[in-house]
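*Asks:* Sequence:
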Amino acid sequence: MTKIEEAAGPLGFGVKKSNYKLKIQGEKTGRKGQLSVATEIFEVAPELYVVELRKSEGDTLEFHKFYKNLSPALKDIVWKADPIDEEKDGSGCSSPSK
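Residues in the sequence shown are numbered from 115 upward in steps of one, following this note's numbering.
There may be inaccurate statements among the hints.
[Said to hold, decoys possible] When the alpha-carbon atoms are kept at most 27 Å apart in a straight line, the in silico DSSO-like pairs for lysine-lysine are as follows: (1) 130 - 146; (2) 169 - 182; (3) 169 - 142; (4) 131 - 179; (5) 142 - 182; (6) 137 - 182; (7) 130 - 182; (8) 117 - 137; (9) 130 - 142; (10) 130 - 189; (11) 135 - 189; (12) 117 - 130; (13) 182 - 135; (14) 117 - 179; (15) 135 - 169; (16) 189 - 142; (17) 169 - 146; (18) 189 - 179; (19) 131 - 117.
Rather than coming from a laboratory, the hints here were simulated on the basis of the structure.
I would like the entire structure built from these sequences, with the hints used as guidance.
*Replies:* Rendered as structure tokens:
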């Protein structure tokens with residue numbers, strides 16, 4: 115949670131926390147009002163968490179920009195799986211070419 119707070123601050127967002135939830139709110143008013151992001155953290159296993167970021171108010175494009183700027187600041191704690199290449203693993207449902 116602390117890492118998310120530290121990353122959101124320099125982007126111009128205030129953070130309020132309660133239990134395993136964060137409310138991240140933009141300090142500036144955008145095209146559709148103030149951007150507000152609801153964040154919830156779920157413990158999946160010891161030392162493994164899932165973080166859900168959800169736009170609760172504001173413009174969708176501003177949310178995507180916020181997420182794009184936030185992600186690099188969290189790269190040392192975020193694990194991303196490689197996308198599955200369905201053609202290589204044989205589970206894909208590709209249609210034959212005509």
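*Asks:* Hints first: check each against the structure and report whether it holds.
*Replies:* Structure-based check of all given hints:
no.	hint	verdict
1	130 - 146	21 Å, holds
2	169 - 182	13 Å, holds
3	169 - 142	15 Å, holds
4	131 - 179	22 Å, holds
5	142 - 182	18 Å, holds
6	137 - 182	18 Å, holds
7	130 - 182	21 Å, holds
8	117 - 137	14 Å, holds
9	130 - 142	16 Å, holds
10	130 - 189	22 Å, holds
11	135 - 189	20 Å, holds
12	117 - 130	14 Å, holds
13	182 - 135	20 Å, holds
14	117 - 179	19 Å, holds
15	135 - 169	14 Å, holds
16	189 - 142	26 Å, holds
17	169 - 146	12 Å, holds
18	189 - 179	16 Å, holds
19	131 - 117	13 Å, holds
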